[in-house]
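Go by the hints and put chain B onto chain A.
Protein chains: 2
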Amino acid sequence: TASSKRLASSDCSYEVCMKLFCFSGGKRDEELILPINSSLSVTLHQDQLKTTTTVATSRSFQEDRIWLNGKEEDITHPRLQSCLREIRRLARKRRNDGDPSLDLSHKVHICSVNNFPTAAGLASSAAGFACLVYTLARVFAVEGELSGIARQGSGSACRSMYGGFVQWIMGQKDDGKDSIAQQVEPETHWPELRILVLVASAERKPVGSTSGMQTSVQTSCLLKHRAESVVPGRMVEMIEALRRKDFAAFAELTMKDSNQFHATCLDTYPPIFYLNSVSQQVINLVHRYNRHYGETRVTYTFDAGPNAVIFILQQHVPEFVRVVQHFFPPETNGGQFIKGLPVKSASLSEELKRAIGLEPMPKGISYVISTKAGPGPRIVEDPAQHLLGSDGLPKETV
Amino acid sequence: TASSKRLASSDCSYEVCMKLFCFSGGKRDEELILPINSSLSVTLHQDQLKTTTTVATSRSFQEDRIWLNGKEEDITHPRLQSCLREIRRLARKRRNDGDPSLDLSHKVHICSVNNFPTAAGLASSAAGFACLVYTLARVFAVEGELSGIARQGSGSACRSMYGGFVQWIMGQKDDGKDSIAQQVEPETHWPELRILVLVASAERKPVGSTSGMQTSVQTSCLLKHRAESVVPGRMVEMIEALRRKDFAAFAELTMKDSNQFHATCLDTYPPIFYLNSVSQQVINLVHRYNRHYGETRVTYTFDAGPNAVIFILQQHVPEFVRVVQHFFPPETNGGQFIKGLPVKSASLSEELKRAIGLEPMPKGISYVISTKAGPGPRIVEDPAQHLLGSDGLPKETV
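Chains as they are written, first to last, in full-length UniProt numbering: chain A, 1 to 398; chain B, 1 to 398.
Worth flagging that the hints you see were computed from the coordinates, not collected in a lab.
Bear in mind the structure is a predicted one, so any value in this text is a computation, not a measurement.
Backbone N, C-alpha and C define an ideal beta-carbon position, used for all residues, glycine too.
Please note that a few of the clues may not be correct.
[Unchecked claim] Which chain A residues face chain B? A few, computed with CB under 8 Å, are given here:
hint, residue
1, Cys221
2, Leu222
3, Lys256
4, Asn259
5, Asp267
6, Pro270
7, Phe273
8, Asn276
9, Gln280
10, His287
Okay, chain A solo, but in the shape it has when bound (with noise of 0.2 Å):
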């Protein structure tokens, strides 16, 4: 019967949060995933990194069971139940409200995979939780407000539930409700913006870390300053500047509050190291680059890892590509150096080079994904782009 067998699959995009904290440790509650101050965030294009998800429900399923990237793993952790928890709990309400089409007692199964390049150390929990909850409540008719339930799967996952520029509005209550996901402008919004993930080799990982985040706000007093004192500013600047297109402004916030979070992750007791040579090197490179053209046409951003985000306007691309390509020669057989977005070749003066005088760092970077911001989760409509087969497991190509 129709109402015996539902599915329904989406993607979503991997999110760069623009480090008004987005620091998914800081968080004032653990269980309930409350972060202690607001936070910024772009979605990024489906084109180039993606999560798909299949949810299906049927009376012939035994148990909740998932599979993430071809592997089948652990239903019972936490997060996961909290958001089927939470999803069914939506889904009962709308039952009891006057929907008798769903039978609650029917079990999921779900299948999830990403396209992210493996190895990459790019964080796949935000897209891979904010897919789940948007194709759960596909299957559940659940409707509304999500992204308070995607934020107890992942806290950065709520700004995943928007595309373009999102904020992660903390909220006040202890119960949560208010720490939801706001879209700020579209992705439609500054076509222009060109986003640059620039993958640090994995031979040059950071020296391992003795410690998680969740002990920076026990232990960093300027992380508590931060949070207080500095962050609420920031936000309403960097949304100030988003609004009216001011790359220079908009940029010059991320560096610094990008630069700050790491800060507050050396503050930490034991530190916490996510900038590596390659990181350091990164930002030296984008800051000599700007003082070069007397202008700030190139930012960067580092989440929990020494990959950089850059952000970076259209005209721009292509030089600085050779910037980066000149600076960090790759392997000369190690594949494509560029993927996503095409970007022309240009060339490279020799005043730019000795402007920015550092010492080429070789394979310091495997390669770059170019891409821009991009919608929220998408339905996918292609029946064969489905991961569950009818017979409710994952197909033979995942």
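This is chain B only, laid out in the frame that chain A set:
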């Protein structure tokens, strides 16, 4: 005549700041070198790292001259001129008060050498200016509080005017008269305390910074918070820990404060990196070593560079040095790995190696200088050790 020729030499040690804000770039007054907060340091022993300075004055000298490490340098350097002017002012005051033996029209010759290993990247200006001011004061028969003058040569030099554990009290006055150093405890206070300078290989020098520390005061909002709200309390705690020789309390404060100092460097715009991958590895190694023993046996501090300064009680030195040697395998034919105070050999258990579990970083550390707290500037009595000959010029051997 006796009054027409005077000569004095002294030696003075390198000092290591314990990073309770030894941030000489963090000045509230650049000209007078007034810091934005108080700080604490330990003066190292002259037997290992020292500067020796000879000052001579004679009616036959045509002009003030200075030789540093065998090379004549520009005497008109403003900081050098500040020290000369202040010492001559005090000498004039003294003569007006009744000592007519001094002819202040005589010019001075200054000769200074340091025995720091070349390319060690150890700051020599603290020892250099302390030694200069101390020796000038001898030649000009000036007595009394001299750290305020040394401060005007190089901020940290004021602390090197005393031995053992020294605080630089920031002071409140605009003219800086109350911004002076004070001994907290003499070098004999804690004889078990050992100091290891881990000299990071020049091969892995940090990538160039695009900005100097003077920008930190203007651009880092965390720095201001730190200076006003964090350091004052930590100074009190640190002095208490030192007084009662509480190694764990002393060690934890030292690590936290070093990390916070470097956090404010990262919060500077553009950011400043002093810690490189070797420094990060040392930090992780220390935390894992302490975690293995369930107590804080070792602490690190980093000044404006990648070299770690380790504080450790004598009984733990042999094993810890073995650990350093294991995780930073030295060049096989690279000369002595341990310089300075002798270190007994020790074994290294497989269990400890596994507990630390870091990837060894070959040649990351060039060598280790083993030393301890030392006295303040000392008069060099042996005429053979004076650096200027009877002609007032540097001896051949300098």
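Under the constraints set out in the numbered hints, which ones does this structure not fulfil?
Structure breaks no hint.
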